[in-house]
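Undergrad: Next come the chains, spelled out residue by residue.
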Amino acid sequence: MLDVVLPVLVLGALALALLGALRRIGLWRQGRPSPVSVLGGLAAMPRRYLVDLHDVVARDKVFANTHVATGGGFVAAAVLLILVHGFQLESRVLSWALIAASVVMFAGALRVAARRRNPPVRLSRGPWMRLPKSLFAFASGVFLVTLPTAGVVPASFGGWALAGVLTLVVAWGIAEMFLGMTWGGPMKHAFAGALHLAFHRRPERFGGGRSTGLKPLDLGNPEAPLGVGKPADFTWNQLLGFDACVQCGRCEAMCPAFAAGQPLNPKKLIQDMVVGMAGGTDAAYAGSPYPGKPVGEHGGDAHSAIVLRGGHEGGRALVDAETLWSCTTCRACVEECPMMIEHVDAIVDMRRHLTMEHGNTPNKGREVLENLATTDNPGGFDPASRMNWAADLDLPLMSARGSADVLLWMGDGAFDMRNQRTLRALVKILRAAKVDFAVLGNEELDSGDVARRLGDEATFQALAARNAATLAKYRFREIVTCDPHSFHVLKNEYGAFGASYTVSHHSTFISSLMEKGRLALGEWTGGRVTYHDPCYLGRYNGEYEAPRKALKGIGIKVVDMERSGFRSRCCGGGGGAPITDIPGKRRIPDMRMEEINATKADVVAVGCPQCTAMLEGVVGPRPEVLDIAELVAAQLVAAPAAAQRAKKDVAEEVAA
Amino acid sequence: MAQFDALFQPIQIGKLTIRNRIVSTAHAEVYATDGGMTTERYVKYYEEKAKGGIGLCICGGSSVVAIDSPQGWWKSVNLATDKIIPHFQNLADAMHKHGAKIMIQITHMGRRSRWDGENWPHLVSPSGIREPVHRATCKTIEPEEIQRIIGNYAQAARRAKEGGLDGVELSAVHQHLIDQFWSPRVNQRTDEWGGSFENRMRFGMEVLKAVRAEVGRDFVVGMRICGDEFHPDGLTHEDMKQIAKYYSDTGLLDFIGVVGSGCDTHNTLANVIPNMSYPPEPFLHLAAGIKEVVSVPVIHAQNIKDPNQAQRILEGGYVDLVGMTRAHIADPHFVNKIKLGQVDQIRQCVGANYCIDRQYQGLDVLCIQNAATSREHQGLPHIIEKSSGPKRKVVVVGGGPAGMEAARVAAERGHDVTLFEKKDALGGQISIAARAPQRDQMAGITRWYQLELARLKVDLRLGVGADAATILDVKPDVVVLAVGANPFLEQNPHWGAAEGLVVSSWDILEGKVAPGKNVLVYDTICEFSGMSVADYLADKGAKVEIVTDDIKPGVAIGGTTFPTYYRSLYPKEVIMTGDLMLEKVYREGDKLVAVLENEYTGAKEERVVDQIVVENGVRPDEALYYELKPGSRNKGQVNIEELFAMQPQTCLAEKGDGYLLFRIGDCVSQRNTHAAILDALRLCKDF
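Just so you know, the sequences run in chain order P and Y.
Position 374 (the first sequence) corresponds to 373 in numbering that gives the first Met the number 0; numbering is contiguous.
Position 202 (the second sequence) corresponds to 201 in numbering that gives the first Met the number 0; numbering is contiguous.
Be careful, since some hints might not be right.
[Unchecked claim] Here are the simulated lysine-lysine pairs, BS3-like style, with alpha carbons at most 30 Å apart:
1) Y:Lys516 <-> Y:Lys474
2) Y:Lys14 <-> P:Lys551
3) P:Lys599 <-> Y:Lys392
4) P:Lys599 <-> Y:Lys422
5) Y:Lys14 <-> P:Lys433
6) Y:Lys43 <-> P:Lys433
No lab work stands behind these hints, which were simulated from the structure alone.
Please construct the entire structure, taking both the sequences and the accompanying hints into account.
TA: Following this line, the structure appears as C-alpha cells:
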C-alpha cells in the first residue's frame with residue numbers, strides 16, 4: 000500500500016509546495032523592482048550558504064553542528080525521498096542513503112528538541128515549538144517507510160494498520176517540511192533564505208567583503224517614492240529578505256535599544272514587515288515584543304501606510320514611528336543575523352519617508368535638520384566659527400596650500416569643546432611626526448551623516464555634493480579624520496556620487512606612523528585601559544586592530560570588555576538617536592558604562608567624538624574617557640618627562 | 000549654544016588673532032629683577048597662564064620707557080635699554096609655545112613715582128603739581144624733555160617688537176604722564192601742551208604717532224585709559240568718551256583698555272583694583288560707554304572673576320575682551336579648567352587683594368590662596384602630580400588654611416589623608432575673618448578647599464578635637480599639625496583677661512560674646528582683624544572707638560583695602576585713635592575703665608565703656624605638638640634648608656617605624672593665610 004500512497008503523497012506535496020512558492024513569489028513581487036542577476040545569483044547561492052552564512056551561524060558552534068545535521072540530513076532526505084518514494088526508483092543504494100540521511104536528520108532533531116525544552120528568550124515560540132516534533136515525524140517516518148525499500152523488512156511488514164500510521168506520520172513531516180516551506184511556517188526560512196542569499200541587495204557582503212554604505216535615493220526621479228511608506232515600497236528583494244528570518248533572535252540579543260527598553264526589537268520589526276507584506280496582524284507573533292508594546296495591536300497590508308501619522312495619539316498601523324526612531328544604526332543586528340538580513344537599510348528607508356514626505360522627525364530632529372540647512376552643521380553654530388578651536392595653531396589651509404599629503408577632516412566635533420581636545424591632540428601628533436597636512440577650514444561642511452541617518456536624503460546629498468566639489472579643488476593623498484561617522488560617509492557613501500577617496504581613521508593613521516617609527520613615544524604608566532569600539536569604525540568598516548595597535552604602541556595593554564570587536568555595544572550615539580531621543584527604561588550609554596566598569600578600567604579609550612560625548616555624559620563614578628589621540632599625544636616625548644605624567648595631566652595637556 | 004561659547008570666540012586685534020576672549024591685563028608684578036629684566040621668575044609666571052589656556056597676557060604694568068621714570072621701586076620692566084630685548088625673546092617664546100599672545104604695557108610715570116632712589120631724578124609732570132599717593136614732588140616738564148620722552152616711547156616699542164612680543168599698550172591710566180597731560184587738574188600749561196582739548200591731547204597723540212611710525216602696521220599698539228576719574232575736578236566719563244574717540248579715530252590704535260576710576264588718591268586707587276567689598280564688574284558700564292564711541296576692540300578688567308560672569312559680559316556685548324587678571328593670579332589654569340568641564344575646580348579670586356597690596360609696598364605680587372603663583376621657577380606646582388613613591392597614611396590636624404592645603408596636596412599626591420578639625424566646619428581663622436561686614440568673600444577660600452577635599456576623597460573628621468591617641472589610632476606615616484593658635488590676651492595681665500574684663504575679637508566675630516553698646520577696641524596688630532571687629536560692632540549698633548599703640552588703626556593694611564574699611568567706619572562714627580597703649584582695665588560698677596597711656600608723652604587718659612575688645616594677635620597652640628614630638632621619627636623637625644629650597648624632606652625617604660611629625664602655619668608662630676598655605680604646599684608637595 001505504501002508504494003501507492005507515498006508517491007501520491009510526495010508528489011502531491013511537491014505540487015502544493017510549488018503553488019505555495021508561486022504565491023510567496025507573488026508577495027515579494029509586490030515590491031519595487033531591483034535588478035539582480037538571476038542565474039549568477041542562483042549559481043553563487045550554494046557558496047554563499049555554505050561559507051558566508053555558515054560563518055555567522057558558526058559563532059554558535061553547537062547549534063551550527065545541529066543545523067548541519069538537521070538541515071543537511073533533511074535536504075539529502077528530501078531529495079532521496081522524492082527519488083525513492085516519489086518516483087519509485089528501485090535502488091538499494093539510494094534507499095540506504097535515505098535511511099542514513101534520516102538518521103542524521105533525526106540526530107540533529109534531537110539537539111533541536113533539547114534546545115526547545117528550555118529555549119533562550121530570544122527564540123520565538125509558537126509554531127517553532129512544534130518544529131522538533133515535525134522533524135522527528137519526518138525523519139522517523141521516512142526511516143521507517145524506507146526500511147522495506149531497503150530490504151530490511153518485508154514489504155508487507157506490519158500490515159495495513161502500520162502502513163496507515165506511517166503514512167500519517169510521513170504526511171505530517173512532509174506537510175511541515177514541504178508545504179511549510181512555501182505556504183508559511185518555520186521552514187519558510189529555507190526556501191526564502193536560499194533565494195535571499197541568491198538575490199541579496201548587497202552581494203558585496205559575500206566572499207569576505209563588506210558593504211555598509213546606505214543606498215542612495217534617486218531624487219531626480221519624480222516617480223520614485225521618497226523612502227518606504229508602505230511595505231510595497233520596499234524592493235522585492237528586501238521583502239524576500241524579510242521572509243528569510245528564522246526568528247532566532249540573535250539580533251534581539253544584541254540590539255542596544257531593545258536592551259535599554261526602547262520600543263524596538265529588530266526581530267519583531269522584520270516579522271512586522273512580513274505581516275505587512277502578506278497582510279494581517281501581528282497577533283501570531285510569538286517572540287519578545289517591542290518593549291512596552293503588547294503584541295496583537297498592530298497590523299497592515301502591503302499597500303497601507305506602515306506608520307500611521309500621529310499614530311502615537313491613538314490609532315495604530317503596522318509599526319509605530321518611535322520604533323523606527325529608536326534605532327542607533329549600530330548594525331549589531333545585521334552583523335549578528337545568520338540570514339544576512341539588512342535591518343538598518345529597512346529602518347532608514349522608512350525614516351526617509353517619515354522625514355521627507357511628512358517632516359515627522361521627532362524631538363530635536365527637525366531642529367538639527369534645519370540647522371544643517373541653514374548653517375551646514377547640526378549644532379547650528381556660526382559656520383565661520385568652525386576654526387575657532389585652532390585659532391592659536393596656525394593650521395595650514397587647503398585654500399592657501401592647494402595640496403598636502405594629508406587632508407585633516409575635522410568633523411563637526413570642531414565646534415565641541417570636548418572634541419577640540421581630541422583634535423588638538425591629533426594636530427600635535429601630526430606635527431610631531433612632521434606630516435604634511437592641511438585642513439579645509441571654514442570650507443568644510445558637515446559630512447551629511449546625521450542627515451542621512453535621520454532620513455533626510457536630500458540634505459545629505461546636497462552636503463555630499465558640496466563637500467565633494469570642495470575636495471575636488473585640492474590635491475591630497477588621503478583624508479584623515481578622528482570622526483568615524485565622517486570617515487564612513489566619506490569612504491563608503493560619497494562613492495555613489497562619483498567622489499572616492501582614500502580615508503583613514505586617525506587611529507589607523509597613528510598606528511601607521513608608529514610602525515614607520517615617526518613618533519617618539521613614552522610608555523603609559525597610568526592605570527588599566529579598556530577600549531570601546533565605535534560602531535562606525537568597527538562593524539561599519541572592520542577596523543578593530545589599528546586602535547589597539549596604537550594603544551599598544553604606547554605600552555597600553557587593552558583589557559577588552561565582554562562585548563568588544565564586532566560585538567561591541569553601541570554607545571547610544573549613532574543614527575541620530577540622541578537627537579530623536581526615544582525614551583526607554585535605561586540609557587544605552589549607562590549600560591555601556593556598566594560594561595566598561597566591569598573591566599575595572601581607570602581609562603576608557605575611545606575613537607569617536609559621539610562615543611566620547613555619550614560616555615562622558617554618564618554620571619560617575621566612571622573611568623576617564625580619553626580619545627586615542629589624547630592618550631598618544633600625552634606620550635610624545637618632546638614633552639619632558641612625559642612618561643611620568645599622571646593621567647589627569649593628559650587632559651590638561653591636550654586642552655592647552 | 001555652549002555654556003561658555005562667548006569666551007572661546009577668537010578675535011582679531013590689529014593683525015593678531017587672539018584664541019579666546021580672556022586676558023590677563025597689565026599689572027605690576029614686581030618680578031623684573033636685574034635692573035628691570037624679564038628673568039626666569041617673570042617668564043615662568045606668565046608661561047603658566049599660557050599653559051593654562053589664556054588668550055592674551057599684557058604684562059608689565061607701568062613698565063618704563065625712560066630712565067627718569069624709576070622702575071626699581073616696583074621692579075617693573077625697563078624698556079629704556081636694549082638689554083631687555085633678549086629677555087623679551089625668552090618671554091615671547093614661552094608664551095607662543097603654548098598658543099598665547101603677549102604684549103607689554105609701556106609708560107612714563109611722570110609725577111606718579113618716587114624720586115628718592117635709583118638715579119634720584121627730578122620727576123616730571125605737566126605743571127609740577129605734587130602727587131599725594133606717593134607724596135611725590137616734581138618739576139614742570141620742558142618741551143625738550145617732552146620730545147625726548149616721545150622718542151623714548153618709540154624706542155621702547157621698538158624693543159618690544161624686536162623682542163618678539165605681539166604688541167604694546169600705552170598706559171594713559173592711573174595718572175601716568177600721558178593722562179597727566181589730559182587732565183586739567185594737573186595740566187595747567189598755557190603752551191601748545193596744555194589748555195585746549197587738542198593741546199592736552201597732543202603729548203599722547205605725538206607718542207602714539209611716534210610709536211606707530213617706529214613699529215609699523217603689523218605690530219599691535221593699544222592704549223589703556225580710565226573710564227571716569229571720579230574726581231570732582233577730574234575727567235568725567237563724557238570727557239573720556241571724547242578722548243577715546245579722538246585717539247580711536249586716528250586709526251593708529253588697535254585696541255583700548257578701560258579701567259574705571261582714576262587713582263592718584265588713596266580713595267580712588269581702591270576703585271582701580273576693587274576688593275571684595277565691591278560688587279562684580281562695578282565699572283563695566285564705563286567700559287561699555289567707551290566701546291560705544293570707538294571702532295577698535297575694548298578690553299575691560301575689574302572684578303571679573305567667574306566664567307559665567309565673563310560669558311554674560313561678552314554675550315551682552317559690553318566689551319570685546321574680559322580682563323581676568325586676579326582670577327589668573329589665583330588660578331593660572333582658569334581657561335583650561337573651563338574647557339575641561341572643571342569649573343568647580345577653579346580656585347576663584349576672592350578679592351582679598353593680598354597681591355596688589357603687596358605691590359604697593361614694593362613687594363612681589365603673591366596670591367593669598369595660591370602659593371604656587373610666581374613661584375613656578377622654584378618648582379612649586381599648580382598641578383600636583385601623583386607620587387611615584389610609597390602611598391602614605393597622612394593625618395592632618397586642623398582645618399584652617401594650612402591644614403586644608405596640606406590635606407589637598409597630600410591627597411593629590413595620591414596618599415590616604417585624614418583631616419581632623421575640632422569645629423564643625425573647615426576654614427579656621429578664615430571663617431572668623433569672613434564674619435565681618437564686607438569680608439564675607441574670604442570664605443571663598445574655604446569653599447574651594449571644601450570642593451577639592453571632597454573631590455579628592457579626603458576623610459574629613461569634623462567636630463573631632465583630635466588628641467594624641469585619636470591621631471595615633473589611625474596609624475599615620477605622617478602627621479601634619481596645623482592646629483592654629485588662640486587669641487593672645489594674657490600678654491599684659493593688667494588687661495584682666497583672666498577676670499573676664501576684656502574679650503577677644505574672635506569672641507565678638509564668632510558671636511560667643513554679644514556686642515556691647517559702648518565699646519573700646521584695642522588693636523596692637525593694625526591689620527584686618529581689629530578693623531573688622533570694629534566694623535562688625537559698629538554694624539551691630541555699638542558706639543566704637545578703636546585705639547592702637549601703633550600710628551593709626553589699620554596702618555598695616557594695604558593700599559586698596561584700608562580705604563574700604565574707612566568708607567565703612569567713618570559713616571558709623573567709629574573713632575580711630577593712634578598712639579595710645581592700653582595699660583590696664585578695671586571694673587567700676589557695671590562699667591569698665593580702660594587706662595590708656597600716650598606712647599610719646601606718657602600722659603594717661605581713661606575711657607569708661609561697657610565692653611573692651613582686645614586684638615593682640617594669636618599665640619600658637621603647641622600642646623599637641625609637644626605631646627607628639629618625642630614619639631616622632633624626626634622629632635618634629637622640618638629641615639628648613641630643604642624646605643626653603645623646595646626640596647623634599649630627607650626624612651621622607653628614610654625607612655623606619657612610626658610617624659613623621661611636621662607643624663605648619665600659625666601653630667608655629669603667627670603669620671598670615673598665604674604663609675600658612677605656602678608652608679603646607681612646599682612641605683607636602685613631596686610627600
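Undergrad: Are the Cα atoms of Lys516 (chain Y) and Lys474 (chain Y) separated by 30 Å or less?
TA: violated (51 Å)
Undergrad: Given the hinted pair Lys599 (chain P) and Lys422 (chain Y), is their Cα-Cα distance within 30 Å?
TA: This hinted pair is violated, its Cα atoms lying about 38 Å apart.
Undergrad: Take the C-alpha atoms of Lys14 (chain Y) and Lys551 (chain P), compute the straight-line distance between them, and say whether it is at most 30 Å.
TA: Since the Cα atoms of Lys14 (chain Y) and Lys551 (chain P) sit roughly 44 Å apart, the hinted pair is violated (cutoff 30 Å).
Undergrad: Take a quick look at whether Lys599 (chain P) and Lys392 (chain Y) sit within 30 Å of each other, Cα to Cα.
TA: holds (24 Å)
Undergrad: Within a Cα-Cα threshold of 30 Å, do Lys14 (chain Y) and Lys433 (chain P) meet the stated pairing?
TA: Judged against 30 Å, a Cα distance of about 28 Å means the pair holds.
Undergrad: Just to be careful, I want the Cα atoms of Lys43 (chain Y) and Lys433 (chain P) compared with a cutoff of 30 Å; is the pair within it?
TA: holds (28 Å)
Checked against the numbered hints above, the structure violates hints 1, 2 and 4; every other hint is satisfied.
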